[in-house]
Amino acid sequence: MSADAPRRVVIVGAGESGARVAIALREQGFGGEIALIGAESHPPYERPPLSKAAIVEAEARLPAIGDAARFAELGVDVRLGVAVAAIDRAERRVRLADGVGLGYDKLVLATGAKARHLPIAGAEHALTLRSYEDALKLRERFRSGGRVAIVGGGFIGLELAASARKLGCDVAVIEAAPRLLQRAVPPELGALAEARHRAEGVEIVTGAGVQGFAPDAVLLSGGGRIPASTLIVGVGAAPETALAEAAGLAVENGVRADARLRSSDPDIYACGDCVHFPHGLFDGRRLRLEAWRHAFDSGAYVARALLGADEDYLAVPWFWSDQYDACLQIAGLPDAGATTASRDLGEGALLLFHLAADGRLVGAGGWGPLGKIAREIRLAEMLIARRAHPAAAALADPAVRLKSLL
Amino acid sequence: MSDIWIDACAADDVESEDVLRFDHGGKTYALYRTEDDRYFATDGLCTHEKIHLADGLVMGTIIECPKHNGRFDFTTGAAKGAPVCVNLATYAVKVEGGRVKLRVA
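Residue numbers (our numbering), protein chains in the order written: chain A, 1 to 406; chain B, 1 to 105.
Chain A extracted, bound-state conformation (with noise of 0.2 Å):
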């Protein structure tokens, strides 16, 4: 630990990130004291669940990250159910919205994103999904039965696809780009998931623009309806940056950062989906992700560095979807490459490599079972790590093993 480590650290947010913060400080051996703030009522949770076992689970479960005796035995004053109402920069100071001030050395923010709503007619029928109350509504909607329909065909609207066919709904996908999951997935990738999909009987309309919604259904730019007694909106997340903005920190697509996290107030850090930073692996494109790993890492990352860890946050970001019994991961950026390797692994299994001009490997991503591709992606993202340049021909080869590479 740094001679100048901080003594208060007050953490804004309690998500997977906020709550990383303050896990890897104490397991740092870091002994001064931690707050961290959640505006949500609920101890800290993991949000993958909530499109999943959240819903199709036959028991509701929070998926706590730690209860109340945990982080006491951590020595972490968690406030919940509590927002932070402003920052005091000058004073180095939160004031929270019930009055209480809490002085800090460093502050985090971990302000997560929420969910994008579509500024159209009708959309306060349509619900979306960021909280664990959210799942919970979604949960008693597909049990009830009835059609289902889903606007955006990106992960989260396509995991409450496959969890709603698992509970028998009848479920409907509407998606404005020509196919699904164009934002971060290359085509191969999606279009596996979209004969999935269909094969579960799933109807998709990919193409399709939405002007508003009826109380019961989903209303077409080119006129046509699609009639469904639950909506849904599922278009990304912004993120979380009023509290930044009004302190007067540089704000762009997020918290904007430098590669170590830091704000443009070097005693204010930012991770987890509120941050936008530049990243040194790749060319240091600025990226804000919206991902579980991304989540830990950085929190993880950010504890380091409040403890004088001298170097760049460079964790390769890593996203995973599953949907029925399948998973699609994705190391990298695949959109960072120049040129595709595939390697067919069988039983509809597939694996993408991408190389930049170069020939390094910038991304990878992978359909199907578990088994078959995770750790084959997590491979790629050690390679990707180490700025490796692989031949095309050996990413392409089944029978060479990925391991070989390193």
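Some hints here could point you the wrong way.
The calculated lysine to aspartate or glutamate pairs, modelled on EDC-like cross-linking and capped at a C-alpha distance of 16 Å, are [said to hold, decoys possible]:
#1 A:114 x A:88
#2 B:50 x A:57
#3 A:403 x B:35
#4 B:80 x A:40
#5 A:52 x B:49
#6 A:403 x B:49
#7 A:114 x A:40
#8 A:52 x B:43
#9 A:52 x B:15
#10 B:50 x A:325
#11 A:372 x B:18
Facing chain B, a subset of chain A residues (Cβ under 10 Å, in silico) [as the list claims (entries may be wrong)]:
#12 24
#13 205
#14 206
#15 280
#16 292
#17 300
#18 318
#19 319
#20 371
#21 376
#22 403
#23 405
Since the hints were made in silico from the structure, they are not lab data.
Here the structure is a predicted model, which means the values were calculated and not measured.
Ideal Cβ positions, reconstructed from N, Cα and C, are used throughout, including at glycine.
Position chain B against the provided structure of chain A, taking the given hints into account.
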């Protein structure tokens, strides 16, 4: 401790520095082989979210869960850091006549 050894698989069924799932008696186990051909066994499911560890990656004597990258030393079952904090149960293993056997009770 009983002296009943369960026949799990052929020694060659587990690749070098790799892991194999083995189900027996309503439970699932993970069998490991190190690069220097030592064999180990642990519970088959990650203590964090009930994911099959046999779908994960073995590096040295570490098994990494395919879902959240929780790590365990499979020779001892020790959890090696977040997000896993509960150790894995381990089981005695022996190789006899080219077969891997484990003692589950």
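Here is what the structure says about each hint:
| no. | hint | result |
| --- | --- | --- |
| 1 | A:114 x A:88 | 24 Å, violated |
| 2 | B:50 x A:57 | 14 Å, holds |
| 3 | A:403 x B:35 | 12 Å, holds |
| 4 | B:80 x A:40 | 30 Å, violated |
| 5 | A:52 x B:49 | 13 Å, holds |
| 6 | A:403 x B:49 | 26 Å, violated |
| 7 | A:114 x A:40 | 13 Å, holds |
| 8 | A:52 x B:43 | 25 Å, violated |
| 9 | A:52 x B:15 | 33 Å, violated |
| 10 | B:50 x A:325 | 15 Å, holds |
| 11 | A:372 x B:18 | 14 Å, holds |
| 12 | 24 | 7 Å, holds |
| 13 | 205 | 32 Å, violated |
| 14 | 206 | 30 Å, violated |
| 15 | 280 | 21 Å, violated |
| 16 | 292 | 8 Å, holds |
| 17 | 300 | 7 Å, holds |
| 18 | 318 | 9 Å, holds |
| 19 | 319 | 12 Å, violated |
| 20 | 371 | 4 Å, holds |
| 21 | 376 | 9 Å, holds |
| 22 | 403 | 7 Å, holds |
| 23 | 405 | 14 Å, violated |
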